[in-house]
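There are 2 protein chains.
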Amino acid sequence: MTEAAPAAAIGASEFDRDTAVTRREPGVYDTELSAGWTIIAAVNGGYLLAVLGRALADALPHPDPFTITAHYLTASVPGPAVIRTEVVRTGRTLSTGQASLFQRDANGEEVERLRVLASYGDLDALPDDVRTSAEPPSFPPPEQCFGPQDAPDNGRGTVSGSSAITERLWLKLDPATLGWALGSPSGKGEMRGWFGLADGRDADPLSLLMTVDGLPPTSFELGIKGWVPTIELTAHVRCRPAPGPLRVAITTRNLAGGFLEEDVEVWDTADRLVCQSRQLARVRLTG
Amino acid sequence: MTEAAPAAAIGASEFDRDTAVTRREPGVYDTELSAGWTIIAAVNGGYLLAVLGRALADALPHPDPFTITAHYLTASVPGPAVIRTEVVRTGRTLSTGQASLFQRDANGEEVERLRVLASYGDLDALPDDVRTSAEPPSFPPPEQCFGPQDAPDNGRGTVSGSSAITERLWLKLDPATLGWALGSPSGKGEMRGWFGLADGRDADPLSLLMTVDGLPPTSFELGIKGWVPTIELTAHVRCRPAPGPLRVAITTRNLAGGFLEEDVEVWDTADRLVCQSRQLARVRLTG
Chain A
1 MTEAAPAAAI GASEFDRDTA VTRREPGVYD TELSAGWTII AAVNGGYLLA VLGRALADAL
61 PHPDPFTITA HYLTASVPGP AVIRTEVVRT GRTLSTGQAS LFQRDANGEE VERLRVLASY
121 GDLDALPDDV RTSAEPPSFP PPEQCFGPQD APDNGRGTVS GSSAITERLW LKLDPATLGW
181 ALGSPSGKGE MRGWFGLADG RDADPLSLLM TVDGLPPTSF ELGIKGWVPT IELTAHVRCR
241 PAPGPLRVAI TTRNLAGGFL EEDVEVWDTA DRLVCQSRQL ARVRLTG
Chain B
1 MTEAAPAAAI GASEFDRDTA VTRREPGVYD TELSAGWTII AAVNGGYLLA VLGRALADAL
61 PHPDPFTITA HYLTASVPGP AVIRTEVVRT GRTLSTGQAS LFQRDANGEE VERLRVLASY
121 GDLDALPDDV RTSAEPPSFP PPEQCFGPQD APDNGRGTVS GSSAITERLW LKLDPATLGW
181 ALGSPSGKGE MRGWFGLADG RDADPLSLLM TVDGLPPTSF ELGIKGWVPT IELTAHVRCR
241 PAPGPLRVAI TTRNLAGGFL EEDVEVWDTA DRLVCQSRQL ARVRLTG
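For the record, the sequence lines run as chains A and B.
Heads up, the final residue of the first sequence is numbered 287 in UniProt numbering, and it's a clean run with no missing numbers.
Heads up, the final residue of the second sequence is numbered 287 in UniProt numbering, and it's a clean run with no missing numbers.
Excised from the complex, chain A in its bound form:
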């Protein structure tokens, strides 16, 4: 993250500006999907999840997403969008809400892009007890890892395809999961790396929703070229992340029938497992 000094603050960063929502009326929010978070032509699914997560944080009485699920319906495009939220239930510890993002098609018809169902709480109100058997992923320090900026073409072809998002992220991938970038994928469904925002903004529960979809897909290491669209993604935010770079580890164990799961763990500098997610994605085995 040292490339970008001084570091942007939470609330005043590129990510915060690009995920901002404006309340039009109770429960309805206007937003502008940024072209800065696209992978090739597609708007990153984690960025979209963060935008809806921010709308729900405003609509619900609790601030933090504890568990949030998105079903991706149609391809979002950069530009204006409207988010319609529904408060499903409010409780003392948790509240549950739903949100949908819509954009207008060429005929001016509203088309639903994704739908989200989530339960929110207050991470700072949780007891400090931790009894975990989970171990942080082990891989080399950032200076021994590689990211888009280290690619010959500065990442515009290699690590994420021609992707604006690579300029927004500070990504340092474990060389053991970078075989695909050198034309020799490991065949293992693993992707690991250090993760931050290029402007140095620290992670918070909303940025974690983008982080879980921010690395190249494990399918690259399985030797699968081409697009792996997310059908559904569920993220559990378990702890407010400590400042500093995150470690992200993704595992795919079962590629079958043209679908695969991506299991993601996100660890912070305090060695806390701050987020777990799983997505179901479609794969085209042509490649």
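No lab work stands behind these hints, which were simulated from the structure alone.
Glycine residues also receive a C-beta, built at the ideal position from the N, C-alpha and C atoms.
Errors might be hidden in some of the hints.
To be verified - Some chain A residues close to chain B (C-beta under 8 Å, calculated; not the full set):
#, residue
1, I40
2, S119
3, V130
4, R131
5, S186
6, E232
7, C239
8, A242
9, N254
10, L255
11, G257
12, G258
13, E261
14, R278
15, L280
Claimed, not checked - Okay, the calculated beta carbon distance ranges per label pair:
#, chain 1, residue 1, chain 2, residue 2, range
16, A, S133, B, P229, 16 to 24 Å
17, A, P61, B, D129, 43 to 51 Å
18, B, A125, A, P80, 44 to 52 Å
19, B, R92, A, D30, 31 to 39 Å
20, B, A41, A, T132, 24 to 32 Å
21, B, P6, A, N107, 55 to 63 Å
22, B, Q144, A, V28, 26 to 34 Å
23, B, S184, A, P78, 33 to 41 Å
24, A, P61, B, A41, 37 to 45 Å
25, A, S133, B, G183, 44 to 52 Å
26, B, P80, A, T132, 40 to 48 Å
To be verified - EDC-like mimics (lysine to aspartate or glutamate), calculated; alpha carbons at most 20 Å apart, straight line:
#, chain 1, residue 1, chain 2, residue 2
27, B, K188, A, D129
28, A, K188, B, D129
29, B, K225, B, E190
30, A, K225, B, D129
31, A, K188, B, E135
32, B, K188, B, D129
Please arrange chain B on chain A, whose structure you already have, making use of the hints.
Chain B only, in chain A's frame:
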């Protein structure tokens, strides 16, 4: 499963009768929650998921749940309920729908019990390709495992509390994960066992939705007594299960802040990983 002869057929079993839904009008279904799937007083969350899964299978053009998420809002009780569904999107390969289950409270007011968001497809239309690194869980054969029926009180106190559901299931738990039943939990967040329906009905995609919530909670092996209510559960059905008993393996790695995740794998007799699920549950550390 051999205890129950002759085996009940899919479509004509206890599970099918107890998860039946009747279309009242397009998208609206009446159902009767059975008292046969309760754990102590609570209606099993997996059973509820299967009931809503059946309604969505009727409401959507595709038959099988590929990914389904439930948020549990209020405690369901045995008795009449109404399910309201919405078709969110229909596509060639997948369709997405939403469903909510309601019951009337003492004042006759409708109360939402749980809300489900799911994408359905046709498992039989998927290609046969499998490239998996997942290994089936390894534990002793059923005759060396133990279930409620093996308990001194026939399961009415031990394995699942006083629970009607234990009479509906054929459950043989790995002794290595049964320490809690003998008063000496292993401290590991693991639960494994053989799983079937007591009347011998084979598994199908809908019964898998109940299976993923059908074992005792891993929290028992963590030494936590008492209730572990599910906040959210997401299940991916990856393959139509082959006939015969299933193997279920549950892992909890992170108990923190009063919440834990339960990761479930379900394997069939053909050694296929037929279902993956994860739930977020609340734990009370008084015990």
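To see whether the hints hold, each was checked on the structure:
| no. | hint | in the structure |
| --- | --- | --- |
| 1 | I40 | violated (21 Å) |
| 2 | S119 | holds (6 Å) |
| 3 | V130 | holds (4 Å) |
| 4 | R131 | holds (4 Å) |
| 5 | S186 | violated (11 Å) |
| 6 | E232 | holds (4 Å) |
| 7 | C239 | holds (6 Å) |
| 8 | A242 | violated (14 Å) |
| 9 | N254 | holds (5 Å) |
| 10 | L255 | holds (4 Å) |
| 11 | G257 | holds (3 Å) |
| 12 | G258 | holds (6 Å) |
| 13 | E261 | holds (6 Å) |
| 14 | R278 | holds (6 Å) |
| 15 | L280 | holds (5 Å) |
| 16 | A/S133 to B/P229: 16 to 24 Å | holds (22 Å) |
| 17 | A/P61 to B/D129: 43 to 51 Å | holds (46 Å) |
| 18 | B/A125 to A/P80: 44 to 52 Å | violated (37 Å) |
| 19 | B/R92 to A/D30: 31 to 39 Å | holds (32 Å) |
| 20 | B/A41 to A/T132: 24 to 32 Å | holds (31 Å) |
| 21 | B/P6 to A/N107: 55 to 63 Å | holds (58 Å) |
| 22 | B/Q144 to A/V28: 26 to 34 Å | violated (59 Å) |
| 23 | B/S184 to A/P78: 33 to 41 Å | violated (58 Å) |
| 24 | A/P61 to B/A41: 37 to 45 Å | violated (28 Å) |
| 25 | A/S133 to B/G183: 44 to 52 Å | violated (22 Å) |
| 26 | B/P80 to A/T132: 40 to 48 Å | holds (42 Å) |
| 27 | B/K188 to A/D129 | holds (17 Å) |
| 28 | A/K188 to B/D129 | holds (17 Å) |
| 29 | B/K225 to B/E190 | holds (15 Å) |
| 30 | A/K225 to B/D129 | holds (16 Å) |
| 31 | A/K188 to B/E135 | holds (14 Å) |
| 32 | B/K188 to B/D129 | violated (35 Å) |
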